[in-house]
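Engineer: Chain by chain, the residues run as shown.
There are 2 protein chains.
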Amino acid sequence: MNLTELDIIKIIGNNLTYKGNVLKSIGDDCAVFKLEREYLVITTDMMFKSTHFPDILTPFQIGMRIITANLSDIAAMCAKPLGIVVSMGFNAPKKDFIMELTKGMDHMAREYKCPIVGGDTNNSKELTLCGTAFGITKNPIFRGGNIGEDIMITYDIGRVYCALEIIKMKDKGIINKRTFESLLEEYPNIIKKLTEPMARVNEGIVINEYINSCCDISDGLKKELFYIGNFEVYSKKLLNAIPKDVMEFCHRLNIDPIVAALNSGEEFELLFTTERSKEVIHKLKEECNGRAIKIGKVIEEGHYIDDIELKPGGYIHKW
Amino acid sequence: MNLTELDIIKIIGNNLTYKGNVLKSIGDDCAVFKLEREYLVITTDMMFKSTHFPDILTPFQIGMRIITANLSDIAAMCAKPLGIVVSMGFNAPKKDFIMELTKGMDHMAREYKCPIVGGDTNNSKELTLCGTAFGITKNPIFRGGNIGEDIMITYDIGRVYCALEIIKMKDKGIINKRTFESLLEEYPNIIKKLTEPMARVNEGIVINEYINSCCDISDGLKKELFYIGNFEVYSKKLLNAIPKDVMEFCHRLNIDPIVAALNSGEEFELLFTTERSKEVIHKLKEECNGRAIKIGKVIEEGHYIDDIELKPGGYIHKW
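These protein sequence lines map, in sequence, to chains A and B.
Position in the first sequence (first residue = 1) + 28 = the working numbering.
Position in the second sequence (first residue = 1) + 28 = the working numbering.
Bear in mind the hints are in silico, worked out from the structure with no lab data behind them.
Owing to the predicted nature of the structure, the values given are computational and were not obtained by experimental measurement.
Glycine included, every Cβ here is placed at the ideal spot set by N, Cα and C.
Careful: at least some of the hints might be erroneous.
Said to hold, decoys possible - Residues of chain A clear of chain B, computed beta-carbon distances all greater than 12 Å:
(1) T79
(2) N217
(3) K265
(4) I270
(5) C316
(6) D334
To be verified - Facing chain B, a subset of chain A residues (Cβ under 7 Å, in silico):
(7) S53
(8) R65
(9) M74
(10) F76
(11) L110
(12) N119
(13) A120
(14) D134
(15) D148
(16) N150
(17) S152
Using the sequences plus the hints, can you model the full thing?
Structural biologist: Next up, the structure:
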């Protein structure tokens, strides 16, 4: 019988007993070390062609993604990126592929002001990318949240869920190639959030001093909410964070937009808690033309959307 | 036509144009950043089962190796390890395999006082390990060397070359399984240097303030000597760094031991230059029961072993 990923993680966790002087390791977006005058935060992400890259990604977008996925964890600590190393395994690659891949990486490195400073290249059975990003901050922001704080997210949510629905319909033969392509044209921003997501690096730096906890939305909003602790999310407020194209798409396909928002993963938006939501909104707007929306509150006990209790784990069904 | 590794590295180098604030990136053992009060050094190594792990390695030894290979680059900067992240890709692994692999990793993490603080696990087509180690120092030691300085190496050299010769003879059918196994028994320290090499982490920290340049011997002594600059190596001195079992093995197989020493890669010994060789020898002995041997000098012009000029690149033939 094959081991599940959870089995494997458990075995690994049990065997890695030496803890050294790390301040925070497994369980947050980054490992954190206290240096003399600052904190070092570090994260790693390994990706394989067959499991991590939807077919619609171009080589340039694959390069963008390995950088963004790593930088999103640096953003989640509200730290300033210092650099990233990227190791690459190739299976008889074409020159054009490597050109586009590395141009995509360089493009995002410049965007996040995070130089690619090393790596390793190898032959491998399929395209394999492993990035390790690191950053510096005087004040690392951990997961969690305190009772009474507002729960906020940056920008918007739901598009990645919709993009994956479009791909799923094509893969299952529910729509033909022509409908698929016209949907891609009709909803360019939905597709773009899947193919060219942005890590909220500047936003994390700007809000650092105003917030008390932070993580990125990589596993879907619902799962990340449970890391905060006890919460109450207001569906009316959450609807403010759902963009118009998602609302329209959901209406057309008879999807509950709240379901889309709660289950949308790899959004790379920041989910954070604060007592100073007004300042956060003001600062984000002033300093990076950014946006954040209050969607709920940290409460004493329980996990709610309006009056409905949420259970951890699993997909959230329509209600 | 397939691209060579050099082609690929060239394409990547041309496309990664954003340099940011890194002090040193590609071209040394680690990338180096200046922080407020110290320097951060960082390195990464990716390994695939089919290309990086000789069959004689046990899963425990594979775990040891991914840690040691990374830590050797930290040692080469004479820095103190802070931590390492290790991402792992598995192809339908057995529980025992993961147990042994991670125990080997933990064993070396403890040895080097370098906690494993994160990682990522995935399905992959073959065992894939990617480690990224990072360390701190007030005084990073780069590659290079100044005219007149002594060239030294830690401990000894040549065993890995001999171990690989034994394996090569078996793979080519020159020796049968029984002879192979009796050679393994006869030369346990030769085999151990291949299967359980040590990164010279403590040694690097101890000699930091006494030396001017340093690298680790991963590509073979000869190749690393050329990174120093111009040099003269004395074969008589180099023989002092070749252990007795290597001398005996070489004699038996009609191998020139100097050839073995110059071409032995993945030794993970440190190669460094200093004006204070006596202090280095004394300190190493006092503080970590360690050893270093002077093998030559940095000179004004040329690359010599005794009177014979060495050319860069390629295998070094008997003279």
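Engineer: Now look at each hint and say whether the structure bears it out.
Structural biologist: Okay, the hints, checked on the actual structure:
1. T79: For T79 of chain A, whose nearest Cβ neighbour in chain B is about 6 Å away, the distance does not exceed 12 Å, so it is violated.
2. N217: At roughly 27 Å from the nearest Cβ of chain B, N217 of chain A sits farther out than 12 Å, so the non-interface label holds.
3. K265: holds, 33 Å
4. I270: Correct as stated: the minimum Cβ-Cβ distance to chain B is 30 Å, above 12 Å.
5. C316: Check passes; 19 Å lies beyond 12 Å.
6. D334: Nearest chain B Cβ is 36 Å from D334 of chain A, so the label holds.
7. S53: With a closest approach of 4 Å, the S53 of chain A hint holds.
8. R65: Cβ of R65 of chain A sits 4 Å from chain B, so the hint holds.
9. M74: holds, 4 Å
10. F76: F76 of chain A check passes; min Cβ-Cβ to chain B is 5 Å, inside 7 Å.
11. L110: holds, 6 Å
12. N119: Status violated, d = 9 Å.
13. A120: holds, 5 Å
14. D134: D134 of chain A check passes; min Cβ-Cβ to chain B is 5 Å, inside 7 Å.
15. D148: holds, 5 Å
16. N150: holds, 6 Å
17. S152: holds, 5 Å
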